[in-house]
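Q: The lines below spell out each chain.
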Amino acid sequence: MIEDDPSTASFIVQGLAELGHSCDHVVGGLDGLTAAMTHEYDAIILDRNLPQMDGLTVLTAFRAEDRDTPVLFLSALGQVDDRVAGLNAGADDYLPKPFSFHELLARITALSRRRSGGKEAETVLTTADLSLDRMSRAATRGERRIELLPKEYQLLDYLMRHAGQVVTRTMLLEAIWDYSFNPGTNVIDVHISRLRGKIDAEGETPLIHTVRGAGYRLGGN
Amino acid sequence: MVTEPRKPTHAAAFRGALWITLIALLTTSIALTVQYVQTSRYLDEKTQGLLDDETASLVERFEVGGPVELAAFLRRQQALSRLNEFFYLLAAPDGTPLVGNLTAWPGEVDQPGFKRFSTNVISADGTVHARTVMTRAVLLDGGYRLLVGQIAESGIALRDRYLVALFWSLVITGLLGLLLGWLLSRRALAFVEKVSTTGTRFLAGNLEERVPLSGHDDEYERLAETINACFVEIEHVVRSLRAATDGMAHDLKTPLTRISARLELAEMRGASAGELRQIIADSRNDLAGLLRIIEDMLNLARAEATTSVSFADVDLAAIAADAVELYQPVAEDKGVALELRSTPASVRGAPALLGQLVVNLIDNAVKYSPSGASVEVAIERQGDSAVLTVSDQGPGIPPDRRADVLSRFVRLDESRGMPGVGIGLSIVAAAARVHRAALDLQDNNPGLRVVVRFPLSDPQEVVPD
Numbered sequence: 019m020i021e022d023d024p025s026t027a028s029f030i031v032q033g034l035a036e037l038g039h040s041c042d043h044v045v046g047g048l049d050g051l052t053a054a055m056t057h058e059y060d061a062i063i064l065d066r067n068l069p070q071m072d073g074l075t076v077l078t079a080f081r082a083e084d085r086d087t088p089v090l091f092l093s094a095l096g097q098v099d100d101r102v103a104g105l106n107a108g109a110d111d112y113l114p115k116p117f118s119f120h121e122l123l124a125r126i127t128a129l130s131r132r133r134s135g136g137k138e139a140e141t142v143l144t145t146a147d148l149s150l151d152r153m154s155r156a157a158t159r160g161e162r163r164i165e166l167l168p169k170e171y172q173l174l175d176y177l178m179r180h181a182g183q184v185v186t187r188t189m190l191l192e193a194i195w196d197y198s199f200n201p202g203t204n205v206i207d208v209h210i211s212r213l214r215g216k217i218d219a220e221g222e223t224p225l226i227h228t229v230r231g232a233g234y235r236l237g238g239n
Numbered sequence: 003m004v005t006e007p008r009k010p011t012h013a014a015a016f017r018g019a020l021w022i023t024l025i026a027l028l029t030t031s032i033a034l035t036v037q038y039v040q041t042s043r044y045l046d047e048k049t050q051g052l053l054d055d056e057t058a059s060l061v062e063r064f065e066v067g068g069p070v071e072l073a074a075f076l077r078r079q080q081a082l083s084r085l086n087e088f089f090y091l092l093a094a095p096d097g098t099p100l101v102g103n104l105t106a107w108p109g110e111v112d113q114p115g116f117k118r119f120s121t122n123v124i125s126a127d128g129t130v131h132a133r134t135v136m137t138r139a140v141l142l143d144g145g146y147r148l149l150v151g152q153i154a155e156s157g158i159a160l161r162d163r164y165l166v167a168l169f170w171s172l173v174i175t176g177l178l179g180l181l182l183g184w185l186l187s188r189r190a191l192a193f194v195e196k197v198s199t200t201g202t203r204f205l206a207g208n209l210e211e212r213v214p215l216s217g218h219d220d221e222y223e224r225l226a227e228t229i230n231a232c233f234v235e236i237e238h239v240v241r242s243l244r245a246a247t248d249g250m251a252h253d254l255k256t257p258l259t260r261i262s263a264r265l266e267l268a269e270m271r272g273a274s275a276g277e278l279r280q281i282i283a284d285s286r287n288d289l290a291g292l293l294r295i296i297e298d299m300l301n302l303a304r305a306e307a308t309t310s311v312s313f314a315d316v317d318l319a320a321i322a323a324d325a326v327e328l329y330q331p332v333a334e335d336k337g338v339a340l341e342l343r344s345t346p347a348s349v350r351g352a353p354a355l356l357g358q359l360v361v362n363l364i365d366n367a368v369k370y371s372p373s374g375a376s377v378e379v380a381i382e383r384q385g386d387s388a389v390l391t392v393s394d395q396g397p398g399i400p401p402d403r404r405a406d407v408l409s410r411f412v413r414l415d416e417s418r419g420m421p422g423v424g425i426g427l428s429i430v431a432a433a434a435r436v437h438r439a440a441l442d443l444q445d446n447n448p449g450l451r452v453v454v455r456f457p458l459s460d461p462q463e464v465v466p467d
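Heads up: the protein sequence lines correspond to chains A and B, in order.
Take the first sequence: its position 15, counting from 1, is numbered 33 in the working numbering, and each next residue is one higher.
Take the second sequence: its position 455, counting from 1, is numbered 457 in the working numbering, and each next residue is one higher.
Hints in this document: simulated from the structure, not taken from any laboratory.
We put the beta carbon where it would ideally sit given N, CA and C, even for glycine.
Please note that a few of the clues may not be correct.
[Stated by the list, open to error] Residues on chain A that point at chain B, a partial pick, calculated with CB under 8 Å:
#: 1; residue: Asp-99
#: 2; residue: Pro-116
#: 3; residue: Lys-169
#: 4; residue: Trp-195
#: 5; residue: Tyr-197
#: 6; residue: Ser-198
#: 7; residue: Phe-199
#: 8; residue: Asn-200
#: 9; residue: Pro-201
#: 10; residue: Val-205
#: 11; residue: Val-208
#: 12; residue: His-209
#: 13; residue: Arg-212
[Claimed, not checked] Below 30 Å or equal to it, Euclidean Cα-Cα: the simulated DSS-like pairs (lysine-lysine) are:
#: 14; chain 1: A; residue 1: Lys-169; chain 2: A; residue 2: Lys-216
#: 15; chain 1: B; residue 1: Lys-336; chain 2: A; residue 2: Lys-169
#: 16; chain 1: A; residue 1: Lys-169; chain 2: A; residue 2: Lys-115
#: 17; chain 1: B; residue 1: Lys-336; chain 2: A; residue 2: Lys-216
#: 18; chain 1: B; residue 1: Lys-48; chain 2: B; residue 2: Lys-117
#: 19; chain 1: A; residue 1: Lys-115; chain 2: B; residue 2: Lys-255
Can you build the whole structure from these sequences, using the hints too?
A: Okay, here's the thing in C-alpha cells:
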C-alpha cells in the first residue's frame, strides 16, 4: 500500500492483518514504485496524492514496465473524470474517499482473486448445485430451471464470478448499472432479495448471504 | 479582487469625437474637390466649344475673302466693345501681328490648338491689361496665323471660391464634428459607464445589482442581458455557497455532537460491555449518516462543476429505462406502480449526471408515494426539446415552497425524519442547470410533477410513430 496519511494507512494495515492478510506500507510515490517493482504483490493500494511522485505518475510508470499486478486507486478526488483518468492510467479499480473498510476489503479481494484465476472467460459458472450457462444465459439449481430477467441475470453472473467473496452494493451498482453514485434507498437490497427468492427456493441451502455492514456473498463459508 | 476606485475618464469619448471629426473633414474635402474639378472641367469645355465655333466662322471668312477681308472683319469686331466675348490676332507667317487685340504673337502658342496662359490684351479703349486667356490657334492658307481667344478668368474665380468654401466648410464641419462626436460617443459610452459602475457595486458585495435595461432591442441591450445573466449566476453560486455552509454546519454538527456526547458519557460512567456495544453501534450509525451527507455534498459539487466540455450525445430514454428498471422492485414492494413512457430523444450531456438526475427524481417520487399510487416517468419530444416528466401522487410541494426545495439543504418540515432527503432535488437542479435544461415543479393534482426540458441534440430527425 502506498499511502501518505498515517492514520488511514495504519487502519488499513491493522484491518488487513486481523483478517490474515499481510501488507507492506510505504509513504512516498517513488518509494512505492520501487517497492512495487521489486516485489510480487497480490494487489497494490495506491493513493492519488502522494509526496515525491503523484499516484497517477507512479501507476503510469509501473504499467509502462509491463507489470500487471492489480492496482486499486484510492483518492479523495471522486469525480467521474478523475475516475476515468485513473482507470485509463491502468488502475483496475477506483475507490473514492471516504470509504468503508468493508468496501476496500471486498474490492481488494475481488482484484487479487481475478488475478489468481479469473472466471471472466468461463462459459459455465458453478457454485454448489447452482450453475449458470453464459452462452444460453440459462440458470439451473439442481434439476430446477430458473427464469431470470436481464438485470437478474447480470446480477447473478457478477455474484457467481465473485463466488465466495464479499460484493458490496456500490460494486454491483458500478458493474451492472454503471452508476458511480449511490442512489441511497435500498434499491440493490430489493434486487438481491428478488434474486434470492428465485435462487434459494424453500428447502434448499441458502446460497446468497447478506454480510452485515458490507454487502453480499454467494456461496462459501 | 478589490479594484482601486478610478477617476472617471472621458478618454474614449474624446477619441471617438476625434475620429468622427477626422472622417467628417475627409469626406467634406473629397466632396468639395470633386465638385470643383467637375465644375472647372465643365467651364473649360464650354470655353473651348465657343472658341471652336468662332474660329470656324473666321476660317470660313478667310477662305471666302482672303486675309484682307478677314483683317477688315476683325478690325470691325475689335471696334465693338465686346471684350468679354472674344479677342483675336491675325499674324503674318513670320509672326508679325497684322490686326488684333494682342500686342504680339504670344510665345506660348507655338502650334495650332488650345492653350491657356497669361498675356497682355488691348481692350476696346486701347488700354493694355495682363489677363489669363484661353486661345485657339489655327494655321491658315498662305502661312497666316489666326489666334482666337477668350478671357478665362472664371476658372481662377472658381478656384478662389473653392478655397474659401473649403476653408469654411472644414471649419464648420470640424466644430460640428467635435461637438456631435463628443455627444454621440458620450451617449454610447454612458452605457459602458453604467456597466462598470454596476460591476464595481456588484464587486463591493451588492449581489442584487444589475445593469439597468433600456428597453430598446439593440446590441447594448443584449450585452446588458448577458452581463446580467452572469451576475445572476454569480449571485446564485455565492448564495448557495452561503446556504450550503450554514446547512452543512447544521447537518454535520448534529450527529457529531451526538457521538461526542455518547463517548463522553461512556467515559464518565464507565459503561458496561453491553452499553459500550450500543454506543459503538449508535455512533457507527451516525458516522454512516455523516459520510452519506459528505458524499451527497460531493455529488452536488460535482454536478455543479460539470462543464459541457465532456458532453456526448446521450439517449434520454435509455437513461430513464435504466433508472426505472433499478427502481421497479422497490416500487413493487411498496405497492407503487412505476411506469415508463418514452420516445428516443437524444440530448448533449454527461451520462452519469443525467442518470443521477433521473434516479433522484424517481427515488423521491417512489419515496413519497403512498401504497397503491402510481409514478409515471415520461420522455417526450416537444418541438426542439426533450421533456422528462416524473409525476407522483404523493403529498406534493406547496407552490410557495417549490423554489426553496431546489436550493441546497432545504428540507420541508413534513419530510423531516425521512432519510436522504434534502440534497436530492438540489442535485437535480444543478444537473438541469449544467445541461441548460429548464426545471419546473408542477401540481399533479394530487402530487408533484417535475418537468425537465432539455434542448434536443437531434431536433430535425423525424421519429416514426
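Q: Hint Phe-199 (chain A) vs chain B: min CB-CB distance below 8 Å?
A: holds, 5 Å
Q: For a C-alpha distance cap of 30 Å, please report whether Lys-336 (chain B) and Lys-216 (chain A) respect it.
A: holds, 20 Å
Q: Starting from Lys-115 (chain A), check that the Cα of Lys-255 (chain B) is at most 30 Å away, please.
A: Answer holds: Lys-115 (chain A) to Lys-255 (chain B) is near 20 Å, not above 30 Å.
Q: Under the criterion of a CB-CB separation shorter than 8 Å, is His-209 (chain A) in contact with chain B as hinted?
A: holds, 6 Å
Q: Just to be careful, I want the Cα atoms of Lys-169 (chain A) and Lys-115 (chain A) compared with a cutoff of 30 Å; is the pair within it?
A: holds, 28 Å
Q: Please work out if Lys-169 (chain A) and Lys-216 (chain A) have their alpha carbons no farther apart than 30 Å.
A: Given that 30 Å is the threshold and the Cα spacing comes to 13 Å, the pair holds.
Q: Regarding the hint that Trp-195 (chain A) lies at the interface with chain B, is the smallest CB-CB distance below 8 Å?
A: Nearest chain B Cβ about 6 Å off; hint holds.
Q: Let me know if the C-beta of Ser-198 (chain A) comes in closer than 8 Å to any C-beta of chain B, holds or violated.
A: holds, 6 Å
Q: Between the alpha carbons of Lys-48 (chain B) and Lys-117 (chain B), is the straight-line distance 30 Å or under?
A: holds, 14 Å
Q: Does Asn-200 (chain A) pass the interface hint, meaning its C-beta sits closer than 8 Å to a C-beta of chain B?
A: Since the shortest Cβ distance to chain B is 7 Å, the answer is holds.
Q: When the nearest CB of chain B is found for Pro-201 (chain A), is that gap smaller than 8 Å?
A: holds, 5 Å
Q: Hey, does the Val-205 (chain A) contact hint survive, CB to chain B under 8 Å?
A: With a minimum Cβ separation of about 5 Å from chain B (threshold 8 Å), the hint on Val-205 (chain A) holds.
The structure is consistent with each of the numbered hints, conforming to all of them.
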